[in-house]
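Novice: Single-letter residue listing:
Number of protein chains: 2
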Amino acid sequence: MKILLFGSTGSIGRTSLEVIKRDRDLKVLGLCTYRNTNLLLKQIKEFMPKYICVIDKKEGLDFKKYIPKNCKFFYGESGLEEFCTLKSDISIMGISGISCLKPLIKNIPYTRRVALANKESIVIAGDFVFKEALKYNTEIIPVDSEINALFQLLKKFNCNDFNRIYITASGGALFDYKISDLKNVTLKKVLSHPTWNMGKRITIDSSTLVNKAFEVIEAHYYFNIPFEKIDIVIHRESKIHALLELKDNTIFACVYDNNMSIPIGFSIYYPKLFLSKNRIDFKNKFYFSFQPLDRKTFPLFYLILDAKKRDDNSLVLLNAWDEIAIDYFLNKKINFLGIHRALNYIFKNYPKGKIEKLEDIFYWDNWARVKAKEYLERLC
Amino acid sequence: MKILLFGSTGSIGRTSLEVIKRDRDLKVLGLCTYRNTNLLLKQIKEFMPKYICVIDKKEGLDFKKYIPKNCKFFYGESGLEEFCTLKSDISIMGISGISCLKPLIKNIPYTRRVALANKESIVIAGDFVFKEALKYNTEIIPVDSEINALFQLLKKFNCNDFNRIYITASGGALFDYKISDLKNVTLKKVLSHPTWNMGKRITIDSSTLVNKAFEVIEAHYYFNIPFEKIDIVIHRESKIHALLELKDNTIFACVYDNNMSIPIGFSIYYPKLFLSKNRIDFKNKFYFSFQPLDRKTFPLFYLILDAKKRDDNSLVLLNAWDEIAIDYFLNKKINFLGIHRALNYIFKNYPKGKIEKLEDIFYWDNWARVKAKEYLERLC
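Going line by line, the protein sequences match chains A and B.
My numbering numbers the first residue of the first sequence as 53 and each following residue consecutively.
My numbering numbers the first residue of the second sequence as 53 and each following residue consecutively.
Bound-form chain A, shown alone (with noise of 0.2 Å):
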């Protein structure tokens, strides 16, 4: 099985590599990370792939001259491009934020199957995306652990006949605050995500539930769920992925331990069984807690879903504001409730456009980003 590995030095991308290398039918087709050069070096060596790509141009230049003999190197966004044209049996998309989106449209038609982590290319595009796999016959198997679990509680019942769905949600590591207190709230205090190591803007969403909102958003677009089959039920210890409630009542709930080599693996050897290495022992004596969302302290949660329903350019707006103001708090440029400040404002001072083609997703993506940074820089 050849494997293309896009984002291959950031958390998804690591993981991924710990579940290739325990099998030896599973071969490293091309890897591909933006700029983070020393590690991808340590990466070629272990993996040696054929194919190498930077995305950084800069950084591609400088990198050149490590690329070994017999290996092909891509680097800039045309190096990107033609990376994206490589026939592999599946592709990892571990690219974080919205920059997932090209090069994820572009790969669908030359691979079998997407192991999707990237959240952000459904939240946004959504139709666009699943509209080409099914042009080019690629599955797309989310590797996300919320969206995976109902993949797998849907996929396994075989069943459209149900109540809702819960998505559960740790909380994340701001949980036990007031909006209030969220003012001095420290970055170190902000990463401290109480049960997942993930990247730190998924860690920062998850801590106000941007990140939850947009599970929500997926589970729609992945198994054509309504929203008012969604719910969200907090449940602090990730144990338990989702929950689907039959129209009987009975509750089927999907549960490993919080470690994404299990949906990675899951994803790659689907419909087979990945032999993970983790488990949950019950010879431990152990409680798994669940209570409901308390809207007060989570408004930018019902913000982004508010922006889903208008169905405009809104959605794009908030999360490209969001993934810039995560960088300004992350440069501790503005406190974190700056975050809060900056989606609200957006929110409600946003020219509506439509969203008829890509391209109009990356025009309003472009837009925001510099308004956002204009208002940002005067927030600091």
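Hints should not be assumed to be uniformly reliable.
Identical copies carry no separate label here, and so any pair may be met within one copy or between two of them.
Within a straight-line C-alpha distance of at most 30 Å, the following computed DSS-like cross-link-like pairs (lysine-lysine) qualify [to be verified]:
id: 1; residue 1: Lys337; residue 2: Lys360
id: 2; residue 1: Lys335; residue 2: Lys348
id: 3; residue 1: Lys73; residue 2: Lys124
id: 4; residue 1: Lys281; residue 2: Lys291
id: 5; residue 1: Lys79; residue 2: Lys299
id: 6; residue 1: Lys400; residue 2: Lys360
id: 7; residue 1: Lys240; residue 2: Lys291
id: 8; residue 1: Lys158; residue 2: Lys54
To be clear, the hints were calculated from the coordinates, so they are not data collected in a lab.
With chain A's structure known, arrange chain B on it following the hints.
Specialist: Structure of chain B alone, referenced to chain A:
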């Protein structure tokens, strides 16, 4: 759908009638009770069955005059045998103890489906029961919630490729007691099951975990699962009834409210869904706890499974002694540990015998009842 209800005045019978009366398409063809004719009379007036059976001969003779003219009445052992040959779509077997075995075997040829709430007939005579069911192409659907949950998990996943199954155990009324505290425990305390409202014998069997050992044996027979793949986990809340751990360590849990109408409804409607009124509402705050079984507190659990391994008449004897000892305890003739003493005694001092045909079971069951009474009278 014509339903024959065995044990109509017991806990399972009464709940079954609650389910049946919600659906005009479900017709009570016949009602059968051991001797609770007061309640039976009310049930006859409400459900107007064509056939009525009172198993106790004396009680039956007395009751004869109350039978409506358009009804056929059966009583005594021979009456029960005739009642068993009535053709039905579903037979609900709610008779408790080994007395269910004969009517079950007699009835299998004449019904399309048995909704089986009785454990003992499977635990003691699983091979005979399933052979008969196969011969007459009669479905047997388990009503017992844990086994019912396993049925749902294994059927819907259509999966033989699992690491293990877990049967959950509430731990019963005496879970927080030490074995040394049990001598003077009151009947009232033993009957106060934390989560289920059930018949008396099963409630007491829950407090010793004999009931749970029976479920392990049931799971073995129903689904052909080797004993080493069946685990127990203490789950005090009785909302998760069973869990299935696949080869990839992903676990699927079957969750429903601890109300017997749900598995009874399931057994009637399957593969259609029973529209239960009981929901687990995630708008509330709650938790599910898990802990391993403590070997020392529940010696009878292991005793029963050890008896099963002997593959002789041992389990027949233990079941009979358990039933008789519980009668003595219910009549306050012995204390709670008397049940332990009796079962330990017969486990150690029993005449080995082979179970080759159904008659062997009845022979050893009768023998055991006589001997149990002799032993228990001395204990009084």
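Novice: Now tell me if each hint is right for this structure.
Specialist: A quick look at each hint next to the structure:
In this assembly of identical chains, Lys337 and Lys360 lie within 30 Å of each other by CA distance solely across copies; the values are 28 Å between and 41 Å within a copy. In the homo-oligomer, the alpha carbons of Lys335 and Lys348 lie at most 30 Å apart only across protomers (15 Å), although the nearest pairing inside one protomer, at 38 Å, exceeds that limit. With identical chains, the CA atoms of Lys73 and Lys124 are at most 30 Å apart within one copy only, with a shortest distance of 22 Å there and 73 Å across copies. Taking the closest pair of Cα atoms, Lys281 and Lys291 come within 30 Å of each other both inside a single copy (22 Å) and across two copies (22 Å).
Proximity of Lys79 to Lys299 under the C-alpha cut-off of 30 Å is restricted to the inter-copy arrangement: shortest distance 23 Å between copies versus 43 Å within a copy. For the identical chains of this complex, Lys400 and Lys360 are intra-copy neighbours only, at 14 Å inside a copy versus 70 Å across copies, given an alpha-carbon limit of 30 Å. For a Cα distance limit of 30 Å, the shortest separation of Lys240 from Lys291 inside one copy, 24 Å, qualifies, whereas the shortest one across copies, 38 Å, does not. When the C-alpha separation of Lys158 and Lys54 is checked against a cutoff of 30 Å, the pair qualifies only within one copy, where the shortest distance is 18 Å, while the shortest distance between copies is 60 Å.
The structure shown violates none of the earlier numbered hints.
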